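Undergrad: Letter by letter, the chains look like this.
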Amino acid sequence: MRWLALLLSGAWLVEPALAVFADDAFQIDHHVPLLGLPQSHTTFFHQPYAKSKASLLYTLSDKAVLGAINPRDGAIVWRQALAGPANSSNIFLRAGDGQDVVVSGVNNNIAAWAASDGRLIWSRNLGNALVHDLEIIELPDAKGNGDVLILYNDGHPVVQRLDGGSGNVKWEYIDKTGDNAFQVSTSSAHVYLISFHKAIMSGLKIRVTSLDQLTGRETDAQSLSSESDVTSPEQILYVGANSASPLIAWTDKANKALKVNILGTKTIVNLPINNSDEDDSPAITLHAPHRSTALTHFLVHYQSARSHWADVYHVNLAKSTISKAYSLPKLAGQGAFSCSTVDANVFFTRVTESEMILVSSASHGVLGRWPLAKTQSPLLPLRVTAEVAALSSSSYPTRAAVLSSNGEWTLLRNGDVSWTRPEYLTGVITATFVDLPEEQGLVHELELEGHQNALAAYVHRLTRHVNDLKALPSWLQSLPKTFMGSKSGIADSPQKDKFGFRKYIILALEDGRIAALDTTNPTSVLWSKRVLKLGPGERWSAPPELRASSRKPGIVEVWDKAAGRPIELEVETGIEAELPDSPVLGEHQGFTFELADNTIHAFSPSGHSNGAVSSSTWKFMVRTGDRIVGVAARPVNDPVASIGKVLGDRRVLYKYLDPNIALVSSVNDATGSLTVHLLDTVSGTTLHSVSYLGVDTTRTIASTVAENWFAYSFTLDDSASGSSRGHQIVISEMYESPVPNDRGPLGDASNYSSLGIDGGSQPVVPHVISQTFHIPEEIQYMTVTRTRQGITSRELLVTLADSHGIVAIPRQLLDARRPVGRDPTADEVAEGLVRYHPTLEFDPKWYLNHQREVLGVKEAITSPSNLESTSLVFAYGLDIFGTRVAPSFTFDVLGKGFNKLQMLATVAALGVGVIVVAPLVRRKQINQRWQISS
Amino acid sequence: MAGASHSPPPPPQWVLDLDSPPAPKQKAGSTPDPPGFSTASSTKRGSSKQQSSKDQPARKPPTPEEMDTLKVKKAWEVAIAPAKQLPMNAIGMYMTGNSLQIFSIMMVFMLFKTPITALMGLPNAFQRFESPGTKDKLLLVKLVYVLTNLLAVGLGLWKVGQMGLLPTTRSDWLAWEAAREPLERAYPIFGTGK
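Chains as they are written, first to last, in full-length UniProt numbering: chain A, 1 to 934; chain B, 1 to 194.
Honestly, the hints are just simulated from the structure, not real lab data.
Be aware that one or more of the hints could be misleading.
Here are the in silico distance ranges between beta carbons for each label pair [what the hints assert, rightly or not]: (1) L174/B - Q851/A: 40 to 46 Å; (2) Q789/A - D172/B: 16 to 22 Å; (3) N124/B - G648/A: 43 to 49 Å; (4) I116/B - Q789/A: 36 to 42 Å; (5) N927/A - Y94/B: 50 to 56 Å; (6) P543/A - D172/B: 45 to 51 Å.
If you want the footprint, here are the derived chain A segments under chain B, 3+ residues with CB under 8 Å [stated by the list, open to error]: (7) 649-655; (8) 743-752.
Not the full set, but computed from the structure, chain B residues with beta-carbon under 10 Å of chain A [what the hints assert, rightly or not]: (9) Y94; (10) F129; (11) T169; (12) S171; (13) A178.
Note that the structure is predicted; figures quoted are calculated from it, not measured.
Even for Gly, the Cβ is constructed at its ideal location relative to N, Cα and C.
Kindly generate the complete structure, drawing on both the sequences and the hints.
TA: The following block contains the structure:
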């Protein structure tokens with residue numbers, strides 16, 4: 001019996017392990033690998049190795065993702081997610097000319113990467129200090145490695161020269177004058193440390209310390225009298241580096257003059273700001289070559305609200321003077337410039353909303369002018385990185401990677417769009433699935449028929465079918481195509497999507513826009529619309545709530561917390577829908593609760609926080625010192641097929657299925673404790689509560705609630721005493737009673753109230769059983785698969801930050817009733833329970849992303865499809881990933897192995913056989929009747 | 001007259017052959033005669049035996065009372081017959097196990113079919129034993145017959161119960177039980193429940 005049990009449990013174990021089939025991989029899932037918005041100072045074209053003919057486009061984005069892009073097709077050659085949420089002033093990416101490494105600096109980490117394949121060569125951690133600047137010394141050593149200069153502030157500004165091949169420190173210079181470090185710059189001979197010295201009255205004095213490149217000894221120091229103009233480091237416009245004449249530039253207070261100093265000299269050159277416009281303070285950007293062999297020319301770019309223009313200046317090194325060479329004309333709209341070098345020549349690429357212009361720094365003659373094709377949304381260039389190939393004196397093919405203000409990264413090749421990357425999709429903060437309007441329409445019609453009397457419903461159905469006949473010719477035409485090409489199970493047009501795999505995904509982007517994707521092709525954005533005016537760098541104060549409208553199909557409501565009414569958008573077009581009476585905040589059909597200020601506030605159906613305060617029903621506050629790190633509620637629409645769990649002996653353990661429950665997890669940083677509260681959200685009563693000590697409160701605590709169970713994960717503090725280390729997941733199941741065949745105190749009551757309206761004074765407390773498992777990795781976010789009727793078994797979807805994956809853990813294994821310390825009995829085996837094992841390894845087959853590397857995914861949402869077996873999954877955060885999961889296999893749809901042609905051929909062969917045989921049989925039967933058998 | 005001098009023609013040879021069969025040959029060696037072959041002597045002996053049995057007096061036909069007793073006896077045998085099958089059926093049922101397989105399902109089906117058809121044919125089963133004298137006695141026999149068949153049905157029920165096909169437990173009625181409906185609903189707002 002025992003071996004039988006083992007065999008059974010073994011056979012059962014194999015089953016849920018097959019999450020992704022080989023023939024489904026790359027068919028049902030979609031992945032958009034992204035980088036983030038490229039920054040102008042960390043994006044460049046560079047040859048991956050010295051003799052390479054083609055160059056790659058390198059960038060370190062605002063999301064601290066380092067990547068190399070093939071400029072030909074926009075595909076990612078390699079990418080690395082660097083640690084840390086970086087602000088753009090603290091990320092650096094440099095590559096020495098002709099060298100095969102790129103060096104990144106993010107927060108406190110310096111790393112060198114092989115330019116061709118992205119392998120780590122060396123890395124250096126600065127501890128608590130943050131890197132302030134990073135430069136590469138152009139003159140390579142014997143091995144061809146350029147040394148790296150870093151500046152960081154470790155109490156004092158520290159400049160270090162690191163060996164390019166190993167990252168070891170060659171020399172170190174510590175500035176003990178008490179200045180604040182700002183930047184480091186190099187010329188062909190010197191290293192300059194730029195720091196700020198607090199002036200006596202106010203303002204900052206710029207101090208330039210010259211260091212010897214070889215020894216790091218201080219050779220000279222200049223103090224520039226900038227205190228009247230500069231009060232904060234942000235006012236410095238530009239510090240050049242790796243140039244024959246590195247510059248530092250700032251403006252005076254009145255914004256009338258541009259002050260430029262050639263590093264190492266004392267003179268400050270006043271250049272008048274060319275502001276003929278009525279606009280009084282245009283934004284100023286400097287562009288200068290980053291190569292010591294290049295000409296010492298630079299460009300000053302002025303951008304006003306309505307137009308932009310530029311001046312080109314030449315630096316005379318011998319005399320240390322700066323003279324204006326020429327001006328580029330003022331053009332309307334937004335523009336961006338890029339400086340690129342070919343040998344010693346310097347070129348400036350100007351990209352405007354309508355054209356791309358190439359000029360040489362030497363003269364104002366236009367070398368190339370390419371009009372841009374008109375697109376639907378105008379290209380508003382924010383940042384440009386260009387590469388010029390000087391083939392001959394008359395031909396200058398240019399390609400420019402342009403980041404436009406809507407977040408698209410486009411490569412223009414002589415004015416033609418080579419590719420566009422939707423990098424703004426890295427900023428998705430929340431998302432929701434919305435059904436197609438057609439599908440909802442059919443559901444509506446069916447509901448209509450359900451509510452009519454039989455005759456009217458029949459007439460209605462008849463007319464509907466007659467109307468459907470109009471689509472018959474086109475359906476017949478598409479029939480062969482359907483038979484031949486039903487590979488992915490998704491039809492081309494929404495009307496034909498019987499399985500409900502096609503839905504819209506509405507996304508809220510952090511820059512205040514709403515965008516829509518299609519689940520069948522999430523690589524292309526259907527539309528995007530700005531619903532909130534936000535300045536650069538501004539974000540939503542709180543994530544908006546996206547909700548499919550209950551009043552009209554195909555409408556999504558965008559609820560911003562600040563506004564009382566939602567913005568209603570049509571999901572197909574993004575056009576604002578005009579519905580007669582749009583709902584106001586608080587018009588939910590029941591109680592509401594929200595998390596604000598470390599407290600959960602609940603409101604009665606009559607109002608909301610914007611309305612009367614008296615409508616508040618309860619508040620849930622955690623102990624002082626605790627902070628709420630997560631609230632998980634049961635999904636609003638969470639159908640459950642069976643209200644009880646059938647035991648092996650055919651008794652029933654009744655599930656506690658209260659839709660009004662929420663799981664609140666709070667941590668205390670001082671004591672390192674995690675407390676999990678299960679709340680009844682109508683009355684605010686705590687139904688269940690558990691505390692854990694020795695929890696690392698800085699790590700993510702993920703939690704979710706579904707059906708009659710909840711799960712949460714946390715990381716144990718490795719400094720705390722305890723027998724256990726690592727990451728844990730807890731699964732808890734709620735039952736109405738610990739006794740089988742018992743429905744608890746409520747008995748057979750068909751409804752109940754948590755508020756004691758019909759007699760009961762307290763909500764019924766569930767019987768909770770839990771089990772804890774060790775897991776190999778920290779869970780970033782968890783959610784549950786959802787199907788139409790809840791018959792299919794569930795899978796817990798968890799996103800993993802460390803292994804860049806999404807894992808579907810079968811619920812059968814995450815069962816709180818697994819027998820501990822003994823083999824399961826025959827009844828338990830019949831129930832599908834396996835012996836408890838304290839560790840839960842993530843089976844490689846559970847990874848929904850299989851071979852793909854899904855980087856930086858923060859959240860995942862699920863939605864039921866029309867097929868009971870299948871749930872749609874969409875994950876976002878940095879990359880965009882969408883797939884379908886069938887936890888109990890696709891039991892309701894024919895597999896891809898089913899040969900429709902063979903079936904048709906068999907039917908046809910049988911038909912032919914019948915036709916051929918029929919006369920023979922008939923003759924035989926007639927003969928039988930007429931002939932007397934002898 | 002010449003006609004009067006006519007003597008009857010000699011009988012044909014085959015008549016002669018038939019009248020005088022050849023003398024039995026002496027048996028050569030110990031080869032036995034094939035079965036059913038009767039030599040003249042054995043025929044003669046047999047005929048003599050017949051002769052002797054015929055000589056005995058004819059058996060007395062049974063009286064109606066005796067016939068009735070005989071019929072009741074036979075009827076009892078018929079009534080008890082299903083019970084005699086029971087142990088064998090029980091062993092068979094036990095051996096087939098409780099899993100739902102086509103073989104065990106067929107066996108269980110047969111187990112039900114036999115007694116039920118038997119019960120349906122109850123009047124016919126005892127018709128041949130029916131007589132004015134046995135009528136009263138057959139009543140008890142019929143009752144036992146019904147009981148033994150019901151026993152067989154009971155065995156079938158036991159088997160079906162063992163297979164878990166009888167809705168005797170709570171889980172069998174779970175699908176008809178409804179979830180309790182809450183009178184209030186609470187909804188998370190502004191990303192609280194995510």
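Undergrad: Confirm or reject each hint.
TA: For each hint, the structure was consulted:
{"no.": "1", "hint": "L174/B - Q851/A: 40 to 46 Å", "in the structure": "holds (42 Å)"}
{"no.": "2", "hint": "Q789/A - D172/B: 16 to 22 Å", "in the structure": "holds (21 Å)"}
{"no.": "3", "hint": "N124/B - G648/A: 43 to 49 Å", "in the structure": "holds (47 Å)"}
{"no.": "4", "hint": "I116/B - Q789/A: 36 to 42 Å", "in the structure": "holds (39 Å)"}
{"no.": "5", "hint": "N927/A - Y94/B: 50 to 56 Å", "in the structure": "holds (53 Å)"}
{"no.": "6", "hint": "P543/A - D172/B: 45 to 51 Å", "in the structure": "holds (47 Å)"}
{"no.": "7", "hint": "649-655", "in the structure": "holds (count 4)"}
{"no.": "8", "hint": "743-752", "in the structure": "holds (count 5)"}
{"no.": "9", "hint": "Y94", "in the structure": "violated (16 Å)"}
{"no.": "10", "hint": "F129", "in the structure": "violated (41 Å)"}
{"no.": "11", "hint": "T169", "in the structure": "holds (4 Å)"}
{"no.": "12", "hint": "S171", "in the structure": "holds (4 Å)"}
{"no.": "13", "hint": "A178", "in the structure": "holds (7 Å)"}
When held up to the earlier numbered hints, the structure conflicts with 9, 10 and fits the remainder.
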